[in-house]
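Student: Once you have looked at the hints, place chains V and W with the ligands on chain Y.
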Amino acid sequence: MHRARLGILGGTLALLATAAGAPVASAQSGWSLLNLPVGVTDVSRKIYGLHMMAFWICVGIAVVVFGVMIWSLIFHRRSRGAVADVTLIHNTKVEVIWTAVPVLILISMAVPAANLLVKINDNSHAQLDIKVTGFQWGWQYTYMKSGVSFVSKLAYDTDAARQLGSGINPDTVKNYLLDVDHPLVVPTGTKVRLLITSVDVIHSWWLPDFGVKRDALPGFINEVSFTVDPGKLGVYRGQCTELCGRDHAYMPVVVRTVSPADFAAWLKRQQALQKQGVDLSAQTIAAPAG
Amino acid sequence: MASNAHAPDSQHYYVPHGSPWPIVAAVALFVLMWGAVAYLDNWSGAWSLLPGPLLLFFMFGGWFHAVIGENQHGVYNTQVDRSFRMGMLWFIFSEVMFFGAFFGALFYSRVLVVPWLGGAGIRALTNMLLWPHFEATWPTNGPLHVGGETFEAMSAYGIAAINTLILLTSGLTVTIAHHALRSGHRTRLKIFLALTFLLGFAFVALQAHEYYDAYTKMNLRLTTGIYGSTFFMLTGFHGLHVTIGAIMLVVVWLRVLRGHFTPRQHFAFEAVSWYWHFVDVVWLGLFVFVYWL
Amino acid sequence: MAEPHAETSHADHDHKPHGWRRWVFATNHKDIGTMYLVASCVMFFIGGSAAMMIRAELFKPGMQLVDPGVFNSLTTLHGLIMIFGAIMPAWVGLANWMIPLQIGAPDMALPRLNNLSFWILPFAFSLLIATLFVPGSAPAGGWTMYPPLTLQFGDSFPMLIFAIHLMGISSILGAINVIVTIMNMRAPGMTLLRMPLFVWAWLITAFLLIAVMPVLAGAVTMMLTDHFFGTSFFNAAGGGDPVMFQHIFWFFGHPEVYIMILPAFGVISEIIPTFSRKPIFGYEAMVYAIASIAFLSFIVWAHHMFTVGLPVSAQLFFMFSTMLIAVPTGVKVFNWAATMWKGSLTFEPPMLFAIAFLFLFSIGGFSGLMLALVPADYQYHGTYFVVAHFHYVLVTGSAFAIFGGVYYWLPKWTGRMYNMALAKWHFWLSTIFVNVLFFPQHFLGLAGMPRRTPDYAVQFTDWNMVSSIGGFAFGVSQLLLPYIVWRCVRAGKPVEGNKAWDGAHGLEWELPSPPPFHSWTVPPSDALVARGASH
Ligand code: HEA
Ligand code: HEA
Ligand code: CUA
Ligand SMILES: [Cu+2]
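Chains as they are written, first to last, in the working numbering: chain Y, 1 to 290; chain V, 1001 to 1293; chain W, 2001 to 2535.
In isolation and in its complexed conformation, chain Y is listed as follows:
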């Protein structure tokens, strides 16, 4: 049991070490990767907060409950001459307490969770609609108003490295498994609504840093929205999280965030190209690693 104890202790300390701020998912050393990312949206931060609250409540309960049990394990063992108190078989008062207290604890978790849930599922007043279509194995992104549309697939160099017995060491590949040829581009500080669906099997579009995960169902549209904090420019990475067949591991979700101005310009360019009949999906394939 001391081991089990160590188990949770280790976990506690580990999470303690990172409770302040989780490292970004692109860190190359893994030992410090122990917790959810705080992320770059209001929702992802609130989820992180809920997660940590629930975690600490569980740690607290564990300390108390495990503490009591460990006390018995140490002091109520026969080798220490403990004699069993066989009258101790029922006590209505404590039984009521340890039924009621958990209920209260649960309520204290359920209320904030419920509020956050309602907030997250409010997709009204979106400023930008993007249709996300999963397929075996990649994503198609379509900007609803402008009609700009392209396919986003696993980047070339990762794809070469990931083949069975490719002889290429994944460590030498930049963002192995988490890179695509055409990332989704979204403006910061804008409420973006994704209209997620699929053409074959069920996929799931997940971007941890945005706190967004929604299944892509063939024949149905799922709505989900996010607003990236102004100024949080960068590339954010996630993966498909619903088993979708052989290459389920190889359809990453990559999003580049740009300022609203840059976004407008970018969208115009793409629109123009598309008008000229250029296939955006074929454009600028990420070059092999080098």
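Fair warning: there could be bad hints in the mix.
Claimed, not checked - Over 10 Å on every C-beta distance to chain Y, these chain V residues come out as not near it, computed from the model:
(1) M1088
(2) K1217
(3) W1274
Stated by the list, open to error - Pairwise CB distance ranges (calculated):
(4) W:L2193 with V:W1138: 19 to 25 Å
(5) V:A1208 with W:L2479: 57 to 63 Å
(6) Y:K119 with W:V2038: 53 to 59 Å
(7) W:D2067 with Y:S281: 56 to 62 Å
(8) W:L2479 with V:L1089: 40 to 46 Å
(9) V:L1089 with Y:A100: 36 to 42 Å
Hints are computed from structural coordinates only; laboratory data are not their basis. In this text, all values refer to a predicted model and were calculated from it rather than measured experimentally. Note that CB positions come from ideal geometry on N, CA and C, so glycine has one too.
Tutor: Okay, now just chains V and W with the ligands, sitting in the frame of chain Y:
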């Protein structure tokens, strides 16, 4: 509580000796499944569907023969009898849950999925972007009209109504037969038991006719979207159960002719009549939710 | 009536069958229980070997050993084999062995049905495992078998469906037998509230089984007809919905996970009092807790589907109902803690596993509670955090309880004592390495590693290596279990007296070890029953 109920036996328990039939049953099921696999995967022709059922029939015949024999020799006591009864009731409960899954599918698709595809609730965009022009109606074969542009829905007032009467009557006749058995009126028992399974077979025959019409005249098939799927799976599985029940009734009837069963001891009869009532109740559900509403 | 059957039952004692007939035609609850336990052990090793391949492929990033499709098949078969082949048959085996002994019955109520429920299993699993050797891929859609993905598999598809059907039939028949035995075969004086908690747990488990197994059968049947006969249950174009399968599946699936843990609660409730030398604390509360867990398990299923886009109201309902389960489960944990409190504890192998269960199952329960918080589950779902959760409840929960139960009752079954020292080695190695194996998976999941993937981003390498090493060590340690049991059966030193453990209570300890072929040929006296009742 269980104790005084079987006071006379509580001096000594009865334990049946070993039997070859269970392993035969396991093999039969295996052969049945393999046959189905071989057929569905086109490893073999439809013949591979045959050995399984044959073995099953052989097994049931043998197993029941053995049990009936032991029972006739009075080796079972009331405790064993109660075990059989309880076993049958719980088996019927499992059957209820099996039908529950298909009723659940019917309700879920009819109350939620079809309206969603029509744009209801949280699914407005599903309709706009994926299934424009689809309006939620029931019956339906979906936005892409799987199984044909048009089809005719099954009406509650034709064969279905007659079949309802038939099954309800058969429920009555089997009850009369039961009372006859209890009060030792063997002739009445024979007549009403026979009536019961005749009504059962009549039901199956009419349903076959209903299916024939559906396929030939109404363009309504198993493949007719969600309506065809739920309609044929629910009524089909029910029809299968009616057939099985009717066959069991025949077996019981033959045993009656042989003079089996006493006014006090007639587990097989009761089990079959319970089964029959269960089939009856399921049908009422079907009539209301599949045909009528 | 009394005359002839008295004769036959006498006659039966003498005709103890021998050779292969004893097993193939078996109607004896002990023989059938033994067969169940052996089969379960075999399946545990097969499913475990698949897990070892999984851990080996995941030892480092990039593909080293298997094709991604094969990896997904390994995951799928590992899950199905462990759940339906290892854990559930182990519980049925223990039920077969112990329930008649514990309620003062001669055998199960329907011994021939009992034989059938067992013998279906080998066929079911040969059908399932044969999927690896037919043209096209073995099923690789996960043990949850979601359509449309699972509809994509070729020749193996109907084999999967029919294997599930067979397992279902076996479980239903087995459960009917257990319920009828408990309701109808109890000795006079063995009132419901005198029943051992293992019997109570199994009574309710059996009810769950009969209620949900047919639903699973229905779900896979619809999938079969969608695949071969053109129905549209899970196809939006025809007015169906792939998510409908998930609803039906989890209506089975969630009770299923409690089917795997309730008997564990029962076993733990037998072991802890024995080695605390104290009656169980709050017996009735324990019974009501099991009942309420079972009830709640029917109304929480969609907590596996929080990301499929359910209406918010539904998500709220399933979040609340799921969280509620923590209350009755808590009652059980607290009662176990209170049973040890002021006890006179000793730490024989069964007790060690029971104590590990208390800590590690609770950890699994805590992560379960975190998963129940929908917004957080948006991040956890489909990651290794879930994998960590369910292995804590399943491996250190169900499997550890099975180990504990075997070490607890083995002397009763064989009349011999096993090698305690070796069993303690089995315990310490298992408990240490199971944490090395599964605790880091919490980190991996939170840091963003999806489950059901044969490959991962390089930053996940370190913890995956730790997990794999823990996995191999844990796996190898499991080889001790069959060895210890084998040695015990062969050469264990006889236990004198009926009780193998001085603190033990219950009717099973009133019989000699090993018990006679027909456990109780005459019902035990009321006095005996009362003495056995642990409270
Ligand atoms: C033995 C099996 C078992 C058991 C017992 C449980 C128990 C629980 N499980 Fe678990 N679960 C699984 C097996 C099990 N689970 C499996 C196999 C999956 C994955 C399926 C798949 O996708 O493949 C899964 C997945 C799963 C999910 C879905 C995750 C996802 O896919 O997104 C969720 C979400 O709510 C969940 C919740 C819970 C909860 C709340 C409990 C509760 O019952 C836990 C209750 C226990 C405690 C809370 C600890 C003890 C209590 C106390 C010490 C009292 C005080 C505590 C408090 C007041 C908090 N489980
Ligand atoms: C029901 C009980 C159960 C049990 C006991 C286990 C036991 C183990 N499980 Fe499993 N697991 C599941 C149920 C269970 N699992 C389920 C339901 C899933 C989900 C499947 C899905 O996603 O569809 C899953 C998924 C799952 C995954 C995720 C796979 C993926 O997402 O792709 C992993 C990965 O590490 C894993 C690992 C293990 C390991 C290492 C063990 C170990 O405890 C196994 C230890 C036992 C042995 C190793 C066998 C005995 C020893 C030998 C055979 C000797 C040879 C040993 C060596 C060569 C070292 N399991
Ligand atoms: Cu797409 Cu997994
Ligand atoms: Cu669940």
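Student: Compare the structure with each hint and give your call.
Tutor: Hints, verified against the model:
1. M1088: 39 Å, holds
2. K1217: 31 Å, holds
3. W1274: 41 Å, holds
4. W:L2193 with V:W1138: 19 to 25 Å: Hint violated: Cβ distance 50 Å, outside 19 to 25 Å.
5. V:A1208 with W:L2479: 57 to 63 Å: 59 Å, holds
6. Y:K119 with W:V2038: 53 to 59 Å: Once the Cβ atoms are compared, 54 Å apart, the range 53 to 59 Å for V2038 of chain W and K119 of chain Y holds.
7. W:D2067 with Y:S281: 56 to 62 Å: With Cβ atoms ~27 Å apart, the hint is violated.
8. W:L2479 with V:L1089: 40 to 46 Å: This hint holds: roughly 45 Å between Cβ atoms.
9. V:L1089 with Y:A100: 36 to 42 Å: 39 Å, holds
The structure shown violates the earlier hints numbered 4, 7.
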